[in-house]
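> So the chains spell out like this:
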Amino acid sequence: MSDIILQTKGICKSFGGTQALKGIDFQLRRGEIHGLIGENGAGKSTLIKIISGSYVRDEGEIWIDGKPADIREPKDSLALGIRVISQEFNLMGDMSVAENMCAGDYPCKGGALRWVIDRKRMNEEAQRILNDLGEQIRAETLVKKLSVAQQQTVEIAKALWEEPKILIMDEPTAALNDQETKHLFDLLRRLKARGVSVIFITHRLQEQFELTDRITVLRDGSLIGVLETKEATADGLATMMVGKNISANYQKRQSSAGDVIYETRDLWVNDQVRQINLQVRRGEIVSIFGLLGQGQDALSRALIGDIRPRSGEIYIRGEKTILRSPRDAVRHKIGFVSEDRKKAGLLLLQTLKRNISVASMNKISRKGIIRSGAENELVNTWIEKLRIKCSSSSQPVASLSGGNQQKALIARWLANDSEFIILNLPTRGVDIGAKYDIYQILEDFCAAGVGVLIISLELPEVLGVSDRIYVMRDGRLVAEYQNSPDVDSDMIMASAVGEIQPEKGQTGGEHG
Amino acid sequence: MDKQTKEIGVKGILQKIVDIVANGGLLVFMVLLVVFFTIQSPYFFSYNNFLNILQSVSVIGITAAGIMLVIISGGIDLSTGAQMAFIGCFIAEVIIGSGIPWYIGMILSCVVGMGVGLINGLLVTYAGFVPFIATLGTMNIIRGAAYIISNAQAVYISDPHFAWMGIGKIGSIPVPVVLFLTAFIVTWAVLKFTVFGRYVYSIGGNPEASRLAGINVKAITISLYVITGFLASISGMVLSGLAGSSVPVAGESYGTDIVTAVLLGGASLRGGKGNIASTFVGVLVIGIMNNGMTLLSVPQFWQIFAKGVLMLLAVALDQLRERRSAARV
Chain A
16 MSDIILQTKG ICKSFGGTQA LKGIDFQLRR GEIHGLIGEN GAGKSTLIKI ISGSYVRDEG
76 EIWIDGKPAD IREPKDSLAL GIRVISQEFN LMGDMSVAEN MCAGDYPCKG GALRWVIDRK
136 RMNEEAQRIL NDLGEQIRAE TLVKKLSVAQ QQTVEIAKAL WEEPKILIMD EPTAALNDQE
196 TKHLFDLLRR LKARGVSVIF ITHRLQEQFE LTDRITVLRD GSLIGVLETK EATADGLATM
256 MVGKNISANY QKRQSSAGDV IYETRDLWVN DQVRQINLQV RRGEIVSIFG LLGQGQDALS
316 RALIGDIRPR SGEIYIRGEK TILRSPRDAV RHKIGFVSED RKKAGLLLLQ TLKRNISVAS
376 MNKISRKGII RSGAENELVN TWIEKLRIKC SSSSQPVASL SGGNQQKALI ARWLANDSEF
436 IILNLPTRGV DIGAKYDIYQ ILEDFCAAGV GVLIISLELP EVLGVSDRIY VMRDGRLVAE
496 YQNSPDVDSD MIMASAVGEI QPEKGQTGGE HG
Chain B
4 MDKQTKEIGV KGILQKIVDI VANGGLLVFM VLLVVFFTIQ SPYFFSYNNF LNILQSVSVI
64 GITAAGIMLV IISGGIDLST GAQMAFIGCF IAEVIIGSGI PWYIGMILSC VVGMGVGLIN
124 GLLVTYAGFV PFIATLGTMN IIRGAAYIIS NAQAVYISDP HFAWMGIGKI GSIPVPVVLF
184 LTAFIVTWAV LKFTVFGRYV YSIGGNPEAS RLAGINVKAI TISLYVITGF LASISGMVLS
244 GLAGSSVPVA GESYGTDIVT AVLLGGASLR GGKGNIASTF VGVLVIGIMN NGMTLLSVPQ
304 FWQIFAKGVL MLLAVALDQL RERRSAARV
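Residue numbers (this note's numbering), protein chains in the order written: chain A, 16 to 527; chain B, 4 to 332.
Keep in mind the hints are simulated off the structure, nothing from the lab.
Check the hints yourself; a few may be wrong.
No farther apart than 25 Å at their CA atoms in a straight line, the calculated lysine-lysine pairs in the DSS-like style are these [what the hints assert, rightly or not]:
1) A:K378 <-> B:K221
2) A:K357 <-> B:K221
3) B:K172 <-> A:K382
DEER-style ranges, computed between Cβ atoms [said to hold, decoys possible]:
4) B:L272 <-> A:P122: 54 to 64 Å
5) A:V71 <-> B:L272: 24 to 34 Å
6) B:V31 <-> A:F224: 54 to 64 Å
7) A:Q34 <-> B:V38: 40 to 50 Å
8) A:S409 <-> B:V181: 31 to 41 Å
9) A:V71 <-> B:P302: 41 to 51 Å
10) A:S237 <-> B:G140: 57 to 67 Å
Facing chain A, according to a computed beta carbon distance under 10 Å, are these residues of chain B, among others [as the list claims (entries may be wrong)]:
11) G131
12) K195
13) R201
14) Y202
15) A212
16) G274
17) G275
Quick reminder that beta carbons are idealized off the backbone N, C-alpha and C, glycines included.
Make a model of the complete structure from these sequences and hints.
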């Protein structure tokens, strides 16, 4: 029995003209949790897809347990005991947890009834696995009734239906709050103790330090280095990932806030989201921080008129305004970058140019006819200002990296002269380099008099960029903090999880 | 070993054929059809027959321009064939008998078509019906209405103005061909140069993102069905003009012919994709198939059979393109 359970030798893969992987020699030890990090486009996903058989490598070898393995299809990797849990869940909402877990491999009754599913045995086996994981989920429950975190657990339980040798997790914590993440880590440690080897992909360095034994860094399709986690530092890893020296902590400039541009008074959105009083001034970056699922999405949709609030008032530039649709919001020069880039942001079939210009039609057209000169000028200006990496503005937006796609969406609202921009999870699935670019962009426009509202699940982000912080819990804004270098971050987290009584104006934040 | 390389060779050639067909090979397919029919029938390759093809394909071509817009926006309209039949009956039974002047009659016909489109549009947007189901329902309602008002009898239309829509000429070009080309040129210009055209593509590609970007998705969707209804009325007038009478049973296959033509032209039923030049070729392919098979005396039932196969091929092509573009990302 070899100490190395998975080894790749000189893996290469190209798509069209671009070489996504340039000879990767990766090693996974038996029973270790191995972190895999790198910016978007570094080749992490491609490598995983080659190991799992979704892509076929152009060159190189894969060795499992000391033997060469010819993985060409997903079923090859499944047969070798490799399980991948991707960012997007592959669960059927209308089926039970147990049915999802066995995924077609139903236990059947014997004899003449061998075509009949043995539900009792199926549920018992599923329940045993769930109990082993220390989960309070019943095997008969329909998946759609579970929370996101619970669904993730079901994904893991599904992978355990047949004891895997290698478990690969692609950004599993993106949708989880801190407690759920901690719970997931405990679970992975227990699996590790049972001899399962884990590859763990995440953007969050902190999680790598907390969980992994070793870390492999990829950049531009090459393997940059392998470190023992206890010897790694955040700055060191960040430098390896981006290839230049950047500070892991973002420091904000001083701002000078102007008039109130957007204000809500006692806004009731639905049963959960209620009593919302918030205010954003020109030249100010305001964050709403909260754990996942506190009503942030509904609130953001209400702020742009996509959900009609039950009661309460919205004031835009000091005037009472009723927003009937997102179109109304756009007319009032409000931009909105949604939490789901692909589903509710990008026009994925179209070019970068059209994605940027779509909200600026009245600027670049006359009597319904588009002036293509004006369009090109507008689009190119913003591509340059936001440093969007592309071969030309006619490049399909789908072929850009996540960070550049996000920049394109921000460019959409800057191009139409929005004066107030709401961003829900602005840096979700965005690599570190682009993340700081985005913060810088927001600050620049803030300085030019734009008001910015960020909805975020990440405390470091909130502390790094905002002038003022609201904390959202269970549908309400429960606290407000003026940000400063010595703001008590523990206190903010405590009000987000509800450990302390709501307290307004903790460090001098008051309503204007 | 030898066998294996041979297999790769065959596979490679198949792959090549698939590549050619998938990448604008529709034109190649059309040329092959022309060559085939020219060899098979002495009457096929002539100026007059080509004019014939253009004239008869105009009936579906005019409406195909609208259907293409609907399909790009992510919808579909199955009711147009029935609309064409209904308009003929409406003219024969209602307009002619009542002594309404011909020009008012034409306008009324268009209004009726646009009304049907409006209903389709409202069902799809405000009632939230799947376009396939909504227009399947209106298709049957309108087909039924055509039978009801006509008692399923074809009635001679004596007014020469309506006949002109089918058999008249402007210069030396048949009126239907002029209408067909006009519909395509206008649609081309709309898609290429206007904000409206942009929005059609956006809505088809991602309705949610379009709505959040401030596009009035419902209004534009409705207007597309109304445009299609209008064009179906024109098609209906051309059809009864060509026949010289109302044709209550007409257009049974037109609805599917049009969709087949648009899909052959590369528009995707998932929305967001489609262009006018390829759709034009798609329409021509349908026209050539119809004409050629008739010249070869292929029985009507086999013609329907063949067009069914063609429709599935069009969808298979769409799938193929989708898979290839997915593999590229």
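> Look at each hint and say if it fits the structure.
Here is how each hint holds up against the structure:
The hinted pair formed by K378 of chain A and K221 of chain B meets the criterion: a straight-line CA distance of about 23 Å does not exceed 25 Å. Taken as a hint, the K357 of chain A and K221 of chain B pair is honoured in the structure, with Cα atoms around 21 Å apart against an allowance of 25 Å. Among the hinted pairs, K172 of chain B with K382 of chain A is inconsistent with the structure: their alpha-carbon atoms are about 34 Å apart, more than 25 Å. The hinted range of 54 to 64 Å is not satisfied by L272 of chain B and P122 of chain A, whose Cβ atoms lie roughly 39 Å apart.
In this structure the hint that V71 of chain A and L272 of chain B lie 24 to 34 Å apart at CB holds, the actual value being about 29 Å. Separated by about 59 Å at the C-beta atoms, V31 of chain B and F224 of chain A satisfy the suggested range of 54 to 64 Å. Taking 40 to 50 Å as the suggested C-beta distance range, the pair Q34 of chain A and V38 of chain B conforms, at roughly 43 Å. With their beta carbons about 35 Å apart, S409 of chain A and V181 of chain B fall inside the hinted range of 31 to 41 Å.
Checked against the hint of 41 to 51 Å, the pair V71 of chain A and P302 of chain B passes, with Cβ atoms roughly 48 Å apart. Between S237 of chain A and G140 of chain B the beta carbons are some 58 Å apart, a value that agrees with the proposed interval 57 to 67 Å. Restraint check, G131 of chain B versus chain A: the minimum CB separation of about 16 Å is more than 10 Å; hint violated. The criterion of a C-beta within 10 Å of any C-beta in chain A is met by K195 of chain B, whose closest approach is roughly 9 Å, and the hint holds.
Nearest Cβ of chain A to the Cβ of R201 of chain B: about 7 Å, under the 10 Å cut. The hint holds. Hint status for Y202 of chain B relative to chain A: holds, with the closest Cβ pair at about 8 Å, below 10 Å. About 5 Å separates the beta-carbon of A212 of chain B from the nearest beta-carbon of chain A, less than 10 Å, and the hint is met. Interface restraint check for G274 of chain B: the shortest CB-CB distance to chain A comes to about 8 Å, inside 10 Å, so the restraint holds.
Satisfaction of the interface hint for G275 of chain B is found here, the shortest Cβ-Cβ separation to chain A being roughly 4 Å, below the 10 Å cut-off.
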